[in-house]
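Given these sequences and hints, build the entire structure.
Residue numbers for the sequence shown follow the numbering used here, so the first one is 1 and each next one is one higher.
These are computed hints drawn from the structure, not numbers from a lab. C-beta atoms are modelled at their ideal positions from N, C-alpha and C, and glycine is treated no differently.
Listed below are the simulated SDA-like cross-link pairs for lysine to any residue, each with C-alpha atoms no more than 20 Å apart in a straight line:
#	residue 1	residue 2
1	K145	V156
2	K145	E227
3	K66	Q152
4	K55	A68
5	K66	Q144
Here are the computed distance ranges between Cβ atoms for each label pair:
#	residue 1	residue 2	range
6	H190	E61	47 to 57 Å
7	K186	N63	36 to 46 Å
8	E61	F32	21 to 31 Å
9	N129	I97	30 to 40 Å
10	T36	Q98	29 to 39 Å
11	G115	N48	47 to 57 Å
12	H101	L221	46 to 56 Å
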Amino acid sequence: MNADYTNQSHNQIDGSNNRSLAILLTYVIIFFFAGTIVASVILFLYANIKNVDPKLLYDLEGNLIKDAELFVGSITNFSVYIIGLVIILLLAKPFLIQDLHHSRYNTKKFFIFIGQGILIYYLGNVISNILSELIGLTGDSENQKTIVELLQSKYVVLVLLTTIILAPLVEEIVFRKALFDLFSRKTKFHPIAIIIFSGLCFALIHFVIAIFEILIDGQGLMAVLSELIHIIPYFISGIILGYIYEKSERNIVVPIIIHMLNNILSAVLILLSPELGL
1 MNADYTNQSH NQIDGSNNRS LAILLTYVII FFFAGTIVAS VILFLYANIK
51 NVDPKLLYDL EGNLIKDAEL FVGSITNFSV YIIGLVIILL LAKPFLIQDL
101 HHSRYNTKKF FIFIGQGILI YYLGNVISNI LSELIGLTGD SENQKTIVEL
151 LQSKYVVLVL LTTIILAPLV EEIVFRKALF DLFSRKTKFH PIAIIIFSGL
201 CFALIHFVIA IFEILIDGQG LMAVLSELIH IIPYFISGII LGYIYEKSER
251 NIVVPIIIHM LNNILSAVLI LLSPELGL
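As C-alpha coordinates, then:
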(Lines of atoms letter the chains of each structure in order from A and count residues from 1; the text may use other names and numbers.)
(Lines give C-alpha, C1' and ligand atoms only; values in the text may rest on other atoms or scores of the structure.)
Protein backbone atom coordinates (compact mmCIF):
# COMPACT_ATOMS: atom_id res chain seq x y z
CA MET A 1 0.00 0.00 0.00
CA ASN A 2 2.78 2.43 0.97
CA ALA A 3 4.75 1.58 -2.16
CA ASP A 4 1.67 2.18 -4.32
CA TYR A 5 1.04 5.51 -2.61
CA THR A 6 4.68 6.54 -3.08
CA ASN A 7 4.59 5.63 -6.77
CA GLN A 8 1.35 7.56 -7.20
CA SER A 9 2.89 10.61 -5.52
CA HIS A 10 5.95 10.43 -7.79
CA ASN A 11 3.70 10.15 -10.84
CA GLN A 12 1.72 13.21 -9.73
CA ILE A 13 4.93 15.19 -9.23
CA ASP A 14 6.29 14.13 -12.63
CA GLY A 15 2.97 15.04 -14.24
CA SER A 16 3.02 18.46 -12.58
CA ASN A 17 6.62 19.05 -13.68
CA ASN A 18 5.75 18.05 -17.24
CA ARG A 19 2.78 20.41 -17.31
CA SER A 20 4.83 23.30 -15.94
CA LEU A 21 7.59 22.70 -18.47
CA ALA A 22 5.04 22.42 -21.28
CA ILE A 23 3.51 25.76 -20.24
CA LEU A 24 6.91 27.47 -20.31
CA LEU A 25 7.81 25.97 -23.69
CA THR A 26 4.41 26.93 -25.09
CA TYR A 27 4.99 30.53 -24.05
CA VAL A 28 8.40 30.68 -25.73
CA ILE A 29 7.22 29.00 -28.94
CA ILE A 30 3.98 30.95 -29.31
CA PHE A 31 5.26 34.38 -28.36
CA PHE A 32 8.67 34.33 -30.02
CA PHE A 33 8.32 32.07 -33.03
CA ALA A 34 4.64 31.74 -33.91
CA GLY A 35 4.24 35.47 -33.26
CA THR A 36 6.44 36.27 -36.26
CA ILE A 37 4.32 34.07 -38.51
CA VAL A 38 1.09 35.62 -37.22
CA ALA A 39 2.48 39.13 -37.80
CA SER A 40 3.35 38.24 -41.41
CA VAL A 41 -0.17 36.92 -42.01
CA ILE A 42 -1.75 40.03 -40.45
CA LEU A 43 0.45 42.28 -42.60
CA PHE A 44 -0.61 40.35 -45.72
CA LEU A 45 -4.28 40.80 -44.74
CA TYR A 46 -3.72 44.53 -44.15
CA ALA A 47 -2.17 44.91 -47.60
CA ASN A 48 -5.16 43.13 -49.16
CA ILE A 49 -7.64 45.28 -47.23
CA LYS A 50 -5.85 48.42 -48.44
CA ASN A 51 -5.35 46.86 -51.88
CA VAL A 52 -1.66 47.75 -51.99
CA ASP A 53 1.60 45.90 -52.55
CA PRO A 54 3.03 44.90 -49.12
CA LYS A 55 6.36 46.41 -50.18
CA LEU A 56 4.72 49.85 -50.33
CA LEU A 57 3.85 49.64 -46.63
CA TYR A 58 7.46 50.38 -45.67
CA ASP A 59 9.13 53.79 -45.57
CA LEU A 60 12.58 54.61 -46.91
CA GLU A 61 14.21 53.42 -43.68
CA GLY A 62 12.51 50.02 -43.89
CA ASN A 63 9.96 50.70 -41.16
CA LEU A 64 6.24 50.00 -41.49
CA ILE A 65 4.09 53.07 -42.05
CA LYS A 66 2.36 54.08 -38.83
CA ASP A 67 -1.18 52.81 -39.51
CA ALA A 68 0.12 49.45 -40.73
CA GLU A 69 2.38 49.19 -37.67
CA LEU A 70 -0.52 49.86 -35.28
CA PHE A 71 -2.86 47.48 -37.14
CA VAL A 72 -0.33 44.65 -37.23
CA GLY A 73 0.87 45.27 -33.66
CA SER A 74 -2.56 45.34 -32.02
CA ILE A 75 -4.08 42.41 -33.92
CA THR A 76 -0.92 40.29 -33.70
CA ASN A 77 -0.66 40.79 -29.92
CA PHE A 78 -4.34 39.97 -29.45
CA SER A 79 -4.19 36.89 -31.69
CA VAL A 80 -0.99 35.53 -30.16
CA TYR A 81 -2.29 36.00 -26.62
CA ILE A 82 -5.56 34.26 -27.51
CA ILE A 83 -3.72 31.29 -29.04
CA GLY A 84 -1.26 31.13 -26.16
CA LEU A 85 -3.95 31.47 -23.51
CA VAL A 86 -6.10 28.66 -24.91
CA ILE A 87 -3.17 26.22 -24.95
CA ILE A 88 -1.84 27.35 -21.57
CA LEU A 89 -5.28 27.10 -19.93
CA LEU A 90 -5.63 23.53 -21.20
CA LEU A 91 -2.21 22.65 -19.78
CA ALA A 92 -2.80 24.49 -16.49
CA LYS A 93 -6.36 23.22 -15.96
CA PRO A 94 -5.55 21.02 -12.90
CA PHE A 95 -3.64 23.88 -11.22
CA LEU A 96 -6.39 26.40 -11.91
CA ILE A 97 -9.22 24.15 -10.72
CA GLN A 98 -7.39 23.58 -7.44
CA ASP A 99 -6.70 27.29 -6.88
CA LEU A 100 -10.24 28.33 -7.82
CA HIS A 101 -11.54 25.70 -5.41
CA HIS A 102 -9.42 27.17 -2.60
CA SER A 103 -10.61 30.68 -3.45
CA ARG A 104 -14.25 29.60 -3.39
CA TYR A 105 -14.14 27.70 -0.12
CA ASN A 106 -11.82 30.10 1.72
CA THR A 107 -13.49 33.35 0.65
CA LYS A 108 -12.46 35.37 3.71
CA LYS A 109 -8.81 34.35 3.44
CA PHE A 110 -8.92 34.94 -0.33
CA PHE A 111 -10.09 38.55 0.03
CA ILE A 112 -7.55 39.14 2.80
CA PHE A 113 -4.83 37.98 0.37
CA ILE A 114 -6.23 40.31 -2.31
CA GLY A 115 -6.25 43.28 0.08
CA GLN A 116 -2.74 42.55 1.33
CA GLY A 117 -1.55 42.03 -2.23
CA ILE A 118 -2.91 45.37 -3.44
CA LEU A 119 -1.26 47.16 -0.50
CA ILE A 120 2.08 45.40 -1.05
CA TYR A 121 1.96 46.00 -4.81
CA TYR A 122 1.40 49.73 -4.56
CA LEU A 123 3.94 50.14 -1.77
CA GLY A 124 6.33 48.39 -4.15
CA ASN A 125 5.40 50.84 -6.89
CA VAL A 126 6.26 53.72 -4.56
CA ILE A 127 9.67 52.15 -3.86
CA SER A 128 10.17 51.56 -7.59
CA ASN A 129 9.40 55.21 -8.37
CA ILE A 130 11.80 56.39 -5.66
CA LEU A 131 14.59 54.17 -7.02
CA SER A 132 13.90 55.41 -10.54
CA GLU A 133 14.24 59.00 -9.31
CA LEU A 134 17.47 58.23 -7.44
CA ILE A 135 19.17 56.71 -10.48
CA GLY A 136 17.84 59.45 -12.74
CA LEU A 137 15.65 57.17 -14.84
CA THR A 138 13.82 59.40 -17.31
CA GLY A 139 11.58 58.78 -20.29
CA ASP A 140 9.76 55.57 -21.12
CA SER A 141 11.00 52.19 -22.27
CA GLU A 142 10.27 51.12 -25.85
CA ASN A 143 7.73 48.67 -24.45
CA GLN A 144 5.91 51.46 -22.60
CA LYS A 145 6.00 53.76 -25.64
CA THR A 146 4.46 51.01 -27.77
CA ILE A 147 1.67 50.42 -25.24
CA VAL A 148 0.86 54.14 -25.05
CA GLU A 149 0.81 54.42 -28.84
CA LEU A 150 -1.46 51.39 -29.23
CA LEU A 151 -3.85 52.58 -26.50
CA GLN A 152 -4.21 55.91 -28.31
CA SER A 153 -4.90 54.24 -31.65
CA LYS A 154 -8.24 53.27 -33.19
CA TYR A 155 -7.49 49.68 -32.17
CA VAL A 156 -7.79 50.56 -28.48
CA VAL A 157 -10.50 47.95 -27.72
CA LEU A 158 -8.27 45.05 -28.80
CA VAL A 159 -5.34 46.56 -26.92
CA LEU A 160 -7.41 46.92 -23.73
CA LEU A 161 -8.60 43.31 -23.94
CA THR A 162 -5.01 42.16 -24.41
CA THR A 163 -3.55 44.36 -21.68
CA ILE A 164 -6.22 44.00 -19.01
CA ILE A 165 -7.37 40.39 -19.43
CA LEU A 166 -5.15 38.25 -21.66
CA ALA A 167 -1.67 39.42 -20.59
CA PRO A 168 -2.22 39.07 -16.80
CA LEU A 169 -3.73 35.60 -17.23
CA VAL A 170 -0.90 34.33 -19.43
CA GLU A 171 1.97 36.04 -17.59
CA GLU A 172 0.89 34.98 -14.11
CA ILE A 173 0.31 31.35 -15.10
CA VAL A 174 3.70 31.27 -16.85
CA PHE A 175 5.95 33.34 -14.56
CA ARG A 176 4.35 32.52 -11.25
CA LYS A 177 2.47 29.20 -11.38
CA ALA A 178 4.57 27.24 -13.90
CA LEU A 179 7.97 28.72 -13.08
CA PHE A 180 7.50 28.45 -9.30
CA ASP A 181 6.11 24.92 -9.56
CA LEU A 182 8.93 23.68 -11.77
CA PHE A 183 11.79 25.21 -9.77
CA SER A 184 10.28 24.28 -6.41
CA ARG A 185 10.10 20.62 -7.39
CA LYS A 186 13.26 20.36 -9.48
CA THR A 187 15.66 22.40 -7.34
CA LYS A 188 16.42 23.15 -3.71
CA PHE A 189 16.26 26.90 -4.28
CA HIS A 190 14.82 28.97 -1.45
CA PRO A 191 11.46 30.62 -2.32
CA ILE A 192 13.18 34.03 -2.22
CA ALA A 193 15.61 32.90 -4.93
CA ILE A 194 12.71 31.67 -7.06
CA ILE A 195 10.85 34.96 -6.53
CA ILE A 196 13.91 36.93 -7.70
CA PHE A 197 14.51 34.66 -10.70
CA SER A 198 10.84 34.79 -11.66
CA GLY A 199 10.87 38.59 -11.37
CA LEU A 200 13.96 38.81 -13.58
CA CYS A 201 12.40 36.58 -16.25
CA PHE A 202 9.18 38.62 -16.08
CA ALA A 203 11.14 41.85 -16.55
CA LEU A 204 13.42 40.62 -19.33
CA ILE A 205 10.54 39.25 -21.38
CA HIS A 206 9.20 42.80 -21.78
CA PHE A 207 12.49 43.95 -23.29
CA VAL A 208 13.65 41.09 -25.52
CA ILE A 209 11.91 42.35 -28.66
CA ALA A 210 12.90 45.99 -28.08
CA ILE A 211 16.56 45.06 -27.54
CA PHE A 212 16.49 42.79 -30.59
CA GLU A 213 15.20 45.70 -32.71
CA ILE A 214 17.87 48.03 -31.29
CA LEU A 215 20.59 45.55 -32.26
CA ILE A 216 19.13 45.10 -35.75
CA ASP A 217 19.10 48.88 -36.21
CA GLY A 218 22.79 48.91 -35.26
CA GLN A 219 22.31 51.43 -32.44
CA GLY A 220 25.08 49.86 -30.38
CA LEU A 221 25.74 48.78 -26.81
CA MET A 222 24.91 52.13 -25.20
CA ALA A 223 21.41 52.08 -26.70
CA VAL A 224 20.90 48.56 -25.31
CA LEU A 225 22.13 49.59 -21.84
CA SER A 226 19.93 52.68 -21.94
CA GLU A 227 16.90 50.49 -22.64
CA LEU A 228 17.88 47.91 -20.02
CA ILE A 229 17.89 50.55 -17.26
CA HIS A 230 14.11 50.65 -17.65
CA ILE A 231 13.99 47.03 -16.55
CA ILE A 232 14.06 48.08 -12.88
CA PRO A 233 10.32 48.91 -12.47
CA TYR A 234 9.36 45.67 -14.26
CA PHE A 235 11.80 43.68 -12.13
CA ILE A 236 10.37 45.12 -8.92
CA SER A 237 6.81 44.44 -10.13
CA GLY A 238 7.78 40.86 -10.93
CA ILE A 239 9.32 40.36 -7.48
CA ILE A 240 6.25 41.82 -5.77
CA LEU A 241 3.86 39.61 -7.77
CA GLY A 242 6.04 36.62 -6.93
CA TYR A 243 6.00 37.53 -3.24
CA ILE A 244 2.22 37.96 -3.32
CA TYR A 245 1.88 34.56 -5.00
CA GLU A 246 4.06 32.92 -2.34
CA LYS A 247 2.28 34.71 0.53
CA SER A 248 -1.17 33.73 -0.78
CA GLU A 249 -0.26 30.05 -0.35
CA ARG A 250 0.53 29.91 -4.07
CA ASN A 251 -3.00 30.64 -5.19
CA ILE A 252 -2.49 31.96 -8.73
CA VAL A 253 -5.89 33.69 -8.73
CA VAL A 254 -4.55 36.33 -6.31
CA PRO A 255 -1.65 37.71 -8.44
CA ILE A 256 -3.82 37.44 -11.58
CA ILE A 257 -6.44 39.75 -10.06
CA ILE A 258 -3.83 42.19 -8.74
CA HIS A 259 -2.04 42.23 -12.11
CA MET A 260 -5.36 42.93 -13.85
CA LEU A 261 -6.24 45.74 -11.42
CA ASN A 262 -2.83 47.34 -11.94
CA ASN A 263 -3.15 47.16 -15.73
CA ILE A 264 -6.66 48.65 -15.58
CA LEU A 265 -5.35 51.60 -13.56
CA SER A 266 -2.36 52.01 -15.88
CA ALA A 267 -4.57 51.93 -18.99
CA VAL A 268 -6.96 54.51 -17.53
CA LEU A 269 -4.05 56.80 -16.64
CA ILE A 270 -2.57 56.45 -20.12
CA LEU A 271 -5.90 57.19 -21.80
CA LEU A 272 -6.50 60.23 -19.59
CA SER A 273 -2.94 61.48 -19.56
CA PRO A 274 -0.21 59.45 -21.38
CA GLU A 275 2.64 60.81 -19.27
CA LEU A 276 1.03 59.36 -16.12
CA GLY A 277 0.88 55.77 -17.38
CA LEU A 278 2.61 53.34 -15.01
